[in-house]
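Asks: The lines below spell out each chain.
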Amino acid sequence: MSQAVISVTGLGKKYRIKTGTQRADGLRDVVSARLLALGKTLTGGTGRRDLPDATDKQLGPRLMEDFWALRDINFDVSNGTVLGIIGRNGAGKSTLLKILSRITRPTTGRVRIKSRVASLLEVGTGFHAELTGRENIFLNGAILGMSRIDITKRFDQIVSFAGVEAFLDTPVKRYSSGMVVRLAFAVAAHLEPDILIIDEVLAVGDAEFQKKCLGKLHEVGSGGRTVLFVSHNMNAVEQLCNAAIMLKEGRIIEHSADVRGIIGRYLWTKEGRGASEWITGGDKGANQYFEPVRLWIGDESGNPVLDSVSNTDEAWVHIEGDVDRLDESLTVGYAIFDEAGTLLYWSYQTDSGENNRPRLQRGRNHLASMVPRRFLNEGRYRVELIASLHFREWLLEPGVSAPSIALQIQGGLSDSPYWMVRRPGILAPVLRWNSFPTPDTRQ
Amino acid sequence: MRQGRELVIDADSGAGQYWRDLWDYRELFGILAWRDILVRYKQTVLGVAWAVIQPLFAMLALTLVFGRIAKLPADGVPYHVLVFCGLLPWQLFSQALSGASNSLVAQGNIITKVYFPRLIVPTSSAVTSVIDFLVALVLLAGIMMWEGVAPTWRITALPLFLVMTFAAAMGLGLWFAALTLKYRDFRFLVPFVLQIGLYVSPVGFSGTIVPEKWRLLYSLNPMVPIIEGFRWSLLPGDRPLNWTSVGIGAAIVGLFMVIGTRYFLATERDFADVV
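Protein chains in written order, with the working numbering: chain P, 1 to 443; chain A, 1 to 275.
A couple of the hints might just be wrong.
Unchecked claim - Here are the computed lysine-lysine pairs in the BS3-like style, where the Cα-Cα straight-line distance is at most 30 angstroms:
id: 1; chain 1: A; residue 1: K71; chain 2: A; residue 2: K213
id: 2; chain 1: P; residue 1: K216; chain 2: P; residue 2: K14
id: 3; chain 1: P; residue 1: K248; chain 2: P; residue 2: K153
id: 4; chain 1: A; residue 1: K213; chain 2: P; residue 2: K14
id: 5; chain 1: A; residue 1: K42; chain 2: P; residue 2: K173
id: 6; chain 1: P; residue 1: K153; chain 2: P; residue 2: K173
id: 7; chain 1: P; residue 1: K153; chain 2: A; residue 2: K42
id: 8; chain 1: P; residue 1: K248; chain 2: P; residue 2: K173
id: 9; chain 1: P; residue 1: K153; chain 2: P; residue 2: K14
Think of the hints as simulated: they come from the structure by calculation, not from any bench.
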């Protein structure tokens, strides 16, 4: 029978953040602020006319502001649940995990936990570069809460999982970064608590390694243990979790066992409701093959469509991006999803024959692709930019790192008076109907 | 890790839970101390020899300045033996204190990622200085044998003074560790205070050169009775020990412990937010 192993009631976490630009962390600032306050009291506030107002403000309490990272969080987790916690950056996911792991304390509310907990907010916490692989296994294991006996028992498994047998007595600083991550994950993977709290550990390592981690997590989850899992990787959440919580601005806005539904709705709201245009924030990644600059829905010549597209018109998906290094296998395109998160199709600029496809050049590129009129049903769709080096590497992976926008189709379903309102279904093509002359059988 | 016990997390920690946790995490304490010892002399050419060289050269320098140049009295033992007896507790105190003070900042990455009773961090890092102390103690035994100076029954009181030294360092260390995390100013303050402390404490000279009427005032510096206590228990000869000043020292050390521990425990749960 399932019972609540974690029960959270009225949980809140308040931070005092500095809203001014001046740091007031040094002892000097505290002392001088106190002295100013003291001086003010002593002089009755009249003798400080020479003090500019701004200074007074900067050192005064007005510099600090309360910020609720979490507010009124209530939920129960029953035994064997793999709970995904999703939300955009700053929604409070990490704060929640930190409170559950007892790294920081809540300001209000209470958590009750009935089993052994281990938290994994990072792989390789406490690794010391000067120590050997063997020594780091014991050190890291102890930091994660494993006993010496447990570590000794699982030592061989850990070593073979990480594949570092030959380097056990080499200092970790001589390891490649891949080896360090493998070793760190191997230790973490052999933790066997009843409740495991994991934060975005899958964000490290190459695709191969991530696959291995996912596999291991799957094992943990299906082994009947309780897992709390924060990730931006929606595919991972969908695969692993049997319940999910969506956080927004420190509050739970949804908690349900319908993981797919939550993810769909999360992805929908992610880039802001209904935004039909995305423009890069300016922070260029390390991606030299294709760096997206702008993605929008427009007409054929690129004029943006701000609201909805009538189904009597074509909708054009416009993509602008920078190419630093030209690669023959670069494919750029989009994926389109309905509101429930179901993928309709992918389309790439390389879909046509060699001679008919648009050429990319170094520098800024502008591509556009047509969504035919009377093809999709009335409703909202999410268009996600995808790019890859064909069969080699994702540059913008759907559901992970790709920007997305909304495409809204409204009205213009058909010319027929019988089809004026939305019918069920994802597609709503107006297809041709023929009739054939037949002999009249009534005569 | 806790088995079969319900864990409650709320704004104020249950004290009982904390001490149980401390017991549960005793292995981590051992491992962190073991790590600090292992790492201490890694990638050095001379390795553990540093634990010998440092006190030895400090002894030579202080002997030269206070014994040869200032020609201060040695109370009937070779001057360098007198100095080394003073260096023993001073070195332990200063290493344990600076180790503990810096420990939280140095291990901020662990503190923000994993829970354990934070008391483990400064204590495990202070404990490692006991190793250097033991090396120096063996060195002193060698020097005393060479000089033909034998200790008396008073050596049985040595553990008392050792405990006092460590407690003084721990009390201040816990306090400074928590303060350093919040105000990095203490990173500069602590080495500075230790540098001055070497000269205002009777390390390079005997406390007997301080006029009698100032002795009690002087022993408000707890390192004064501690160092004198070390000399009293290790060195032979007729050397009176002022037990009043030892009492005052013990009281002050006790005060350090209370203030340090209380401040540390009171701020501990917010460390991760301050780092």
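Asks: Take the C-alpha atoms of K71/A and K213/A, compute the straight-line distance between them, and say whether it is at most 30 angstroms.
Replies: Given that 30 angstroms is the threshold and the Cα spacing comes to 23 angstroms, the pair holds.
Asks: Starting from K213/A, check that the Cα of K14/P is at most 30 angstroms away, please.
Replies: Between K213/A and K14/P the Cα gap is close to 55 angstroms, so the pair fails against 30 angstroms, i.e. violated.
Asks: Going straight from one Cα to the other, do K248/P and K153/P come out at no more than 30 angstroms?
Replies: Violated - the C-alpha atoms of K153/P and K248/P are around 42 angstroms apart, more than 30 angstroms.
Asks: Between K248/P and K173/P, is the straight-line Cα distance small enough, at 30 angstroms or below?
Replies: Cα-Cα ~40 angstroms, so violated.
Asks: Is K153/P within 30 angstroms of K42/A, Cα to Cα?
Replies: Distance ~28 angstroms between K153/P and K42/A Cα, so the pair holds.
Asks: Checking one constraint from the list: CA of K153/P to CA of K14/P, max 30 angstroms. Satisfied?
Replies: Measuring from Cα to Cα gives roughly 42 angstroms; hence the hint is violated.
Asks: Has the given pair, K153/P with K173/P, been kept, meaning a C-alpha gap of at most 30 angstroms?
Replies: 26 angstroms, holds
Asks: Has the given pair, K42/A with K173/P, been kept, meaning a C-alpha gap of at most 30 angstroms?
Replies: With Cα atoms ~12 angstroms apart, K42/A and K173/P stay inside 30 angstroms; holds.
Asks: For the pair supplied as a hint, K216/P and K14/P, is the alpha-carbon distance within the 30 angstroms limit?
Replies: 35 angstroms, violated
When held up to the earlier numbered hints, the structure conflicts with 2, 3, 4, 8 and 9 and fits the remainder.
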